[in-house]
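Fit chain B to the supplied structure of chain A, relying on the hints for placement.
Protein chains: 2
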Amino acid sequence: MAWRAAIMGATGAVGQEFLKVLQERRFPLASLKLLASGRSAGKKLPFAGEELPVEELTASSFRGVELVLASAGGSISKKFAPAAVAAGAVVVDNTSAFRMVDGVPLVVPEVNPQDIKLHKGIIANPNCSTIVMNVPVWPLHKAVAIRRIVVSTYQAVSGAGAWGMWELTEQMKAFAAGEPIRKNKFPHPIVDNIFSHNSAIADNGYNEEENKMVNETRKIFHCAELLVTATCVRVPVMRAHSEAINLQFTAPVSEQQAREILSEAAGVRIVDDRASNHFPMPLEASGQDDVLVGRIRQDISQPDGCGIDMFVCGDQIRKGAALNAVQIAEML
Amino acid sequence: MAWRAAIMGATGAVGQEFLKVLQERRFPLASLKLLASGRSAGKKLPFAGEELPVEELTASSFRGVELVLASAGGSISKKFAPAAVAAGAVVVDNTSAFRMVDGVPLVVPEVNPQDIKLHKGIIANPNCSTIVMNVPVWPLHKAVAIRRIVVSTYQAVSGAGAWGMWELTEQMKAFAAGEPIRKNKFPHPIVDNIFSHNSAIADNGYNEEENKMVNETRKIFHCAELLVTATCVRVPVMRAHSEAINLQFTAPVSEQQAREILSEAAGVRIVDDRASNHFPMPLEASGQDDVLVGRIRQDISQPDGCGIDMFVCGDQIRKGAALNAVQIAEML
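In the order they appear, the protein sequences are chains A and B.
Read left to right, the first sequence gives residues 1287 to 1618 (the numbering used here).
Read left to right, the second sequence gives residues 1287 to 1618 (the numbering used here).
These aren't lab readings, by the way, just hints derived from the structure by calculation.
Ideal Cβ positions, reconstructed from N, Cα and C, are used throughout, including at glycine.
Any given hint could be a false lead.
Unchecked claim - Now the in silico label distances, taken between C-beta atoms and shown as ranges:
1) B:PRO1332 to A:HIS1564: 40 to 48 angstroms
2) A:ALA1488 to B:GLU1546: 20 to 28 angstroms
3) A:THR1455 to B:PRO1473: 19 to 27 angstroms
4) B:VAL1387 to A:GLN1542: 30 to 38 angstroms
5) A:ALA1537 to B:GLU1511: 20 to 28 angstroms
6) A:HIS1564 to B:GLN1400: 41 to 49 angstroms
7) A:ALA1463 to B:ALA1334: 28 to 36 angstroms
8) A:SER1540 to B:GLN1309: 49 to 57 angstroms
9) A:GLN1574 to B:GLU1511: 38 to 46 angstroms
10) B:LYS1306 to A:LYS1329: 48 to 56 angstroms
11) B:PRO1332 to A:LYS1329: 54 to 62 angstroms
12) A:ASP1575 to B:GLU1546: 46 to 54 angstroms
To be verified - Chain A is faced by these chain B residues, among others (derived, beta-carbon under 10 angstroms):
13) ARG1434
14) LYS1459
15) VAL1477
16) ASP1478
17) ILE1487
18) LEU1513
19) GLU1529
20) ASN1532
21) THR1536
22) ASN1563
23) PRO1566
24) LEU1569
The shape of chain A in the complex, shown without the other chains (with noise of 0.2 angstroms):
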């Protein structure tokens, strides 16, 4: 079986990606549509060996379209995908969205592959930092149940979108050459700063990025109980996210026995070299479709033996937005 598909916001950087994945994976295609905004339309894409027209996003562009992979925006989302699913097609949904919606499952291919059949016309693709953060927790989480997660981000202006990356670029020149840094879109310098992530605070003091982390993690992993505090940061680096992650278990877990289970796990690789001083990196995880783990340890402020901290990193415009989405697809 092949697909009749469409990208839903093709230009942006998760577009790209999806391209790029979709080329890798030799994901069966019966013919792929570039959808976009008006000013992008008319514009060419390489897509194995070709230059795919990019046409303008509109209510009817879904005609014969079976599968469409959207990143365009959470209201783009919100006005274009019921019609994508009226006109038939599967929609696997990178933005927010849809995620939280009751009946819309929300998948991690190595965590709940078991929801994608309950879809009615909508799959959701969780947050990038959720699906860094997921991909590792969860089979720790299946061995021993947690209880608690505390975890800080480290995040890549890529999370941004494509004008992130731009914007640090542009900063970092200025500072190279003395100049005077000139914000763009983010609120305050990104060169040679860091910041307390971009999204607005919600009433219970979290910003939108950290409650999205707690609440889709215990959707994702049908934990209502699970207990989540998340603190999400933005870093000056173009690509992939990290994640200090210290969990509290409900029994005791080993360091041995962490790393044992994490050795094992689908969609991730252990990078922990001590002697060396080597540990998972956004340069080394940018481009790959492992989330790197390490720094896997007991957590000495649980006496208990019920703690371990790591620490991680994934591409979040590969792993935690368009690979997890194809791989969503290739579920279907």
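Chain B in isolation, oriented as in the chain A frame:
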């Protein structure tokens, strides 16, 4: 009273900051000797309108010296601090050489100033990330005892010394020019990257920086049973360390209560504007005496109300090193 003082390691990043802080605070000096390695001897450094010569540090450098501010590395302190004490001086040591030695006070002036008077010639200045954490955490602990701290750091390259700033600057220039990134002293590229703190990993799986945060905090707080876990990470920021701090208290603490305590705490400035997404950032903490504190919120992963999350940022050359040492000297 005016001190006959000497700076050990006058040409380093912290040594330079000593000169700045002594001038700004009009520290009472009868004389000031600048000591450094032989290869810096003969240099002149500006101080209070004069040019002071740098002298080579030897065992006989301390004749007539009453106060030594030391920041020339642990092995130098181990070698020369006893000579300084024998010559009658008090040494405020910014290295790790004596911090955990029984009988040597380890002091954050906002936390345990009473320990200063117990000195026998040497007073240790804590590690920079310890100080940045202790200043805001102590007033909370004093109000309601803390059971456990989970901290993740975002540490500037200046923590490694002046060469760290040089290395990041060179790598930023190369990145901006599209040239290959050359490593020098850091084990990994630091531009467009983050990495686990470049200190050795101890037997317990924690690196030296993390073990310092754990053990020094217990000593400074006089609380051997305090549980602390830390993950220390280097980020491409010139100056000022940031830390995501999760606190578990022994009794409920409300967000409002935490905010009130912090608003009256010495050495703390609250930067916590949710509406404009303005929180502590290295760019704004650099050059400041206060530790900036924000993202103060009730930890939703502790349903008993005993948890507070916050994000802090402090200039680690200043409050994390030079200023803290000069404050100790002022209290002598």
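- Query: Checking against the hints above, which ones are violated?
  - Reply: Per hint list: single violation, 21.
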